[in-house]
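Sequence order for the protein chains is A and B.
Using the numbering used here, read the first sequence as starting at 203 and increasing by one per residue.
Using the numbering used here, read the second sequence as starting at 481 and increasing by one per residue.
Quick caveat, the hints were computed from the structure, so don't treat them as lab data.
C-beta: ideal position from N, C-alpha, C; glycine also.
One or more hints might be untrue.
Derived list of chain A stretches under chain B, where covered just means 3 residues or more per stretch with a C-beta under 8 Å from a C-beta of chain B [what the hints assert, rightly or not]: (1) 228-238; (2) 243-252; (3) 259-271; (4) 291-302; (5) 336-343; (6) 353-366.
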Amino acid sequence: MNTVLEGLFFYILSAMILGSAVLTITRRNAVHSAIWLVSTLISIAGLYLHLHAEFLAAVQVLLYVGGIMVLFLFVIMLVNLDEAAKERAFNKQWSVALIAALVLMAELGYFVIRGASAFQFGQSSGGSLAPNTQLIAMALYRDYMLPFEIASLLLLVAILGAVILAKKQI
Amino acid sequence: MTEITTAHYVFLSAALFSIGVIGVLTRRNVVIILMSIELILNAVNINLVAFSKHFLSVNGQAFAVFVIVDAAAEAAVGLGIIIALFRNKETVNADEIDLMKW
């Protein structure tokens, strides 16, 4: 019963993720693409819940759907895209690009299927994911202290860079 | 229905990655190319979290947090570049931006 329900959730979420992702890259209007990308990101947050990563699910909704997507929609409204929506949506090399990407997909799928049994290696190291937020906090502030500080510096540089790039006169 | 293994998640992640690659290579609109990059980064995150559950170790989720931070920084700088580009060239189509091509 439990595994049947888990499988059902996984397949429903996967169908939503892949369907919304395909709609994201095929819509002519950029605003429609952004809305479908929001649907993809929320489905991925559901998948994180399914994987017992509750903190990441919350971060995904707050940061991606609440922050990054608002930034995207803001720029789409700021940049006048009405003429762009009437032109052709795909560039001239789309057929070659599609073939190359499909070859990549077939290759990845083939190797995942061939190597699926290899995922049984060293099942677990005896850890646990139980108090999820607490464990991530311990990892971030103790084991990954230096990368955490570098990430804060990266965000500072990104804020300054975005402001300087979008400014009219420097 | 069979049990959901780590291989299922890796397969889903590979499919999402390929969809993102198709978006980057075929679309003309620069904003949608940036959205496809977000799809690729999310495919990476699914992989990290799936293996974090596989090994019962929280390190994968900590790395996923760093990937999300990178995605936010990349989106902010990328959209700033798009605004500067639209101000100078009045276009957001990737194949019309060929100043460095000869």
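Item to check | Hint check, failures only | outcome: The structure breaks none of the hints.
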